[in-house]
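Peer 1: Use these hints to put chain B onto chain A, whose structure you have.
Chains as they are written, first to last, in the working numbering: chain A, 1 to 107; chain B, 108 to 228.
Hints are not guaranteed to be accurate.
Have a look at the derived ranges for each label pair, beta carbon to beta carbon [stated by the list, open to error]:
| hint | chain 1 | residue 1 | chain 2 | residue 2 | range |
| --- | --- | --- | --- | --- | --- |
| 1 | A | Pro8 | B | Asp191 | 35 to 43 Å |
| 2 | B | His189 | A | Pro40 | 26 to 34 Å |
| 3 | B | Gly161 | A | Val9 | 35 to 43 Å |
| 4 | A | Trp94 | B | Gly115 | 21 to 29 Å |
| 5 | B | Val112 | A | Asp92 | 27 to 35 Å |
| 6 | A | Thr56 | B | Asp196 | 31 to 39 Å |
| 7 | A | Gln42 | B | Gly115 | 19 to 27 Å |
| 8 | A | Asp92 | B | Leu223 | 29 to 37 Å |
| 9 | A | Thr53 | B | Asn181 | 23 to 31 Å |
| 10 | A | Thr20 | B | Val118 | 36 to 44 Å |
| 11 | B | Asp138 | A | Pro40 | 28 to 36 Å |
| 12 | A | Glu27 | B | Gln108 | 32 to 40 Å |
| 13 | A | Ser77 | B | Arg126 | 43 to 51 Å |
Simulated from the structure, these hints should not be mistaken for laboratory data. For each residue, glycine too, the CB sits at the ideal point set by N, CA and C.
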Amino acid sequence: EIVMTQSPVTLSVSPGERATLSCRASESVSSKLAWYHQKPGQAPSLLIFGASTRATGVPARFSGSGSGTDFTLTISSLQSEDFAVYYCQQYDKWPLTFGGGTKVEIQ
Amino acid sequence: QVQLVESGGGVVQPGRSLRLSCAASGFTFGDYGMHWVRQAPGQGLEWVAVISYGGGDTYYADSVRGRFAISRDNPTNRLYLHMDSLRPDDTAVYYCAKDRVPYYFDSADYWGQGTLVTVSS
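Here chain A stands alone, though its shape is the one from the complex:
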């Protein structure tokens, strides 16, 4: 199976600052990469699909980039509601797999 590795595990950021999260696949997944975030006690929510396309209603401060094996999620100016855990997922090959997550916390 394709192993998805996210870094860092924890990211401490001040509100208004930029956050950059990384996701690496153990083999190419083309652009079939999604990002989700999950707040405590809530279900995950889709942010980005196709590596770089924002899902409906997702603010423009979220952007995704990359293809093949290396991907990045950037949050340009962190808002209070953005402090959460972020997961990447590949949907190119079975079984689908998630990364271990990056927790974005308030510095």
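Peer 2: Okay, now just chain B, sitting in the frame of chain A:
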């Protein structure tokens, strides 16, 4: 609006079986693939299984293949996960999720709130 409501979770002994259900509304259920994803307490997300829009194609995580079976009933807008030979490491919140694109497998754009399964003697 899209709604997914899971049910059927609870406490079950190791080796026993359990069936989860997911009631869908707010979209044309029979046009979309559906997923089950689980999350062990304090852990990350693990994809479990998917079923195609018509039910003819299913795929599973290695950890559940041969023990779990995903199915659907399009006329009643319900998704199921039948779980056999349950183990303590199957303890998790189980989410059902809708595929983003009709007639295809893609990311999951809507999720239910989950149902907790606890496997313990």
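Peer 1: Each hint: holds or not?
Peer 2: Do the hints match the structure? See the list:
Here the CB-CB span from Pro8 of chain A to Asp191 of chain B is close to 39 Å, well matched to the stated 35 to 43 Å. Taken as a hint, the range 26 to 34 Å holds for the pair His189 of chain B and Pro40 of chain A, whose Cβ atoms sit roughly 30 Å apart. For Gly161 of chain B paired with Val9 of chain A, a C-beta distance near 40 Å keeps the hint of 35 to 43 Å intact. A C-beta distance of roughly 25 Å is found between Trp94 of chain A and Gly115 of chain B, which places it inside the suggested range of 21 to 29 Å.
Restraint check, Val112 of chain B to Asp92 of chain A: a C-beta distance of roughly 30 Å satisfies the suggested window 27 to 35 Å. Taking the beta carbon of each, Thr56 of chain A and Asp196 of chain B are about 35 Å apart, inside 31 to 39 Å as hinted. As the Cβ distance of Gln42 of chain A to Gly115 of chain B is approximately 21 Å, the hint placing it in 19 to 27 Å holds. Between Asp92 of chain A and Leu223 of chain B, the C-beta spacing of about 31 Å keeps the proposed range 29 to 37 Å intact.
A hinted range of 23 to 31 Å holds for the C-beta pair Thr53 of chain A and Asn181 of chain B, which are about 28 Å apart. Distance hint check for Thr20 of chain A and Val118 of chain B: the Cβ-Cβ separation is about 42 Å, which falls inside the suggested range of 36 to 44 Å. Range check, Asp138 of chain B to Pro40 of chain A: about 33 Å between beta-carbon atoms, so the 28 to 36 Å window is met. Checked against the given bound of 32 to 40 Å, the beta carbons of Glu27 of chain A and Gln108 of chain B, roughly 38 Å apart, stay inside it.
In this structure the hint that Ser77 of chain A and Arg126 of chain B lie 43 to 51 Å apart at CB holds, the actual value being about 46 Å.
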